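Okay, here's what each chain looks like letter by letter:
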Amino acid sequence: MTTQARAPKRWLAEVFVSLKPVVNDPQGLAVRDGLHMLGYKEVDAVRVGKYLTLTLTAADREAAEARVAAMCEQLLANPVIEQYRLQVSEADDAPGSQG
Amino acid sequence: MRFGVITFPGSNGDHDALMAVELGLRQPVEAVWYRDTDLSRFDALIIPGGFSYGDYLRAGAIARFTPVMGAVARFAEAGGPVLGICNGFQILTEAGLLPGALLRNQQLTFVSTWVHVRVESNRTCWTAGMTPGEVLRLPIAHGEGRYYADPETLARLEANGQVIFRYTDAAGNVTPEADPNGAVNAIAGIANERGNVVGLMPHPERAFDALIGSDDGLKILSAVLTAGVDAATARS
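Residue numbers (the numbering used here), protein chains in the order written: chain A, 1 to 99; chain B, 1 to 236.
Keep in mind the hints are simulated off the structure, nothing from the lab. All values derive from a computational prediction rather than experimental measurement. The beta-carbon is built from N, C-alpha and C at its ideal position, and this holds for glycine as well. Don't take each hint at face value.
Non-contacting residues of chain A with respect to chain B, defined by C-beta distances greater than 12 angstroms in every case (computed) [as the list claims (entries may be wrong)]:
(1) Pro26
(2) Lys50
(3) Leu56
(4) Asp60
(5) Ala63
(6) Pro79
(7) Gln87
Chain B is faced by these chain A residues, among others (derived, beta-carbon under 8 angstroms) [claimed, not checked]:
(8) Ala30
(9) Asn78
(10) Val80
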């Protein structure tokens, strides 16, 4: 097929969700205190968040990014308290992909 | 007045709420499955506590997209009285029917105890007839009950009288010790602008008889009996 470049591809999206900087994160404070107790005095701050991986089909990287951003806004993150960052890469060689 | 109590997979306060309405209020009440979409037979709805969908992702995040929640939103939009208790409060904030969010408790531990809350406003369906300043004794049981809203939202809530319950000591004083989870401004419960949708972390349905520790919860559940009639009239 000459149109292969335009065929839908499978993408791996990695989503990082964390509390907004203005929102107090007691989990992060507890982890920081634990690190201090272990002697890692150089640690100023710790924020605890979530890491999600999604595999999805989309025509191109931009389309995949747009879909995942919409998912973040609607469900994966709560915009009232959380921020997110996402990263999309080709997933066709990833384990579990359909040959 | 006919009450509906919604059950999601993982709800655990639904039977307490059914019992409180039946035995405490002596009003007709019915369990509503989360797949139901017709709520027209009800005059008031209770979204109970528990761990809907195991609190996966965030408390209330997934329950918010169930079929019944679309019907709840329409019911609330039409002015119908809705009370969200604990996980029900979390679901209502996730659904955008109430502002703000509920975060992990400041001390990171689940807290199950009795607290005092001060009634701040009686201009809602679920506080009508109470006296502002009145102190209620109610149980709490939650791991994610720390109310948060950004400063602008918070200022608006305070200015509009939408903060309706605050954690206090037995005398009604806000003290750091009386706030069980680090909630901003010691907020235990809020209402929407219209006053028909209310969410709170304490459990009024577990305080409907002195035999189980307190009957102060009945004041909240019964407020809607008078206020809800006006709301129903406004809807028709």
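Results of checking the hints against the structure:
no.: 1; hint: Pro26; in the structure: 5 angstroms, violated
no.: 2; hint: Lys50; in the structure: 8 angstroms, violated
no.: 3; hint: Leu56; in the structure: 17 angstroms, holds
no.: 4; hint: Asp60; in the structure: 28 angstroms, holds
no.: 5; hint: Ala63; in the structure: 23 angstroms, holds
no.: 6; hint: Pro79; in the structure: 10 angstroms, violated
no.: 7; hint: Gln87; in the structure: 19 angstroms, holds
no.: 8; hint: Ala30; in the structure: 6 angstroms, holds
no.: 9; hint: Asn78; in the structure: 6 angstroms, holds
no.: 10; hint: Val80; in the structure: 5 angstroms, holds
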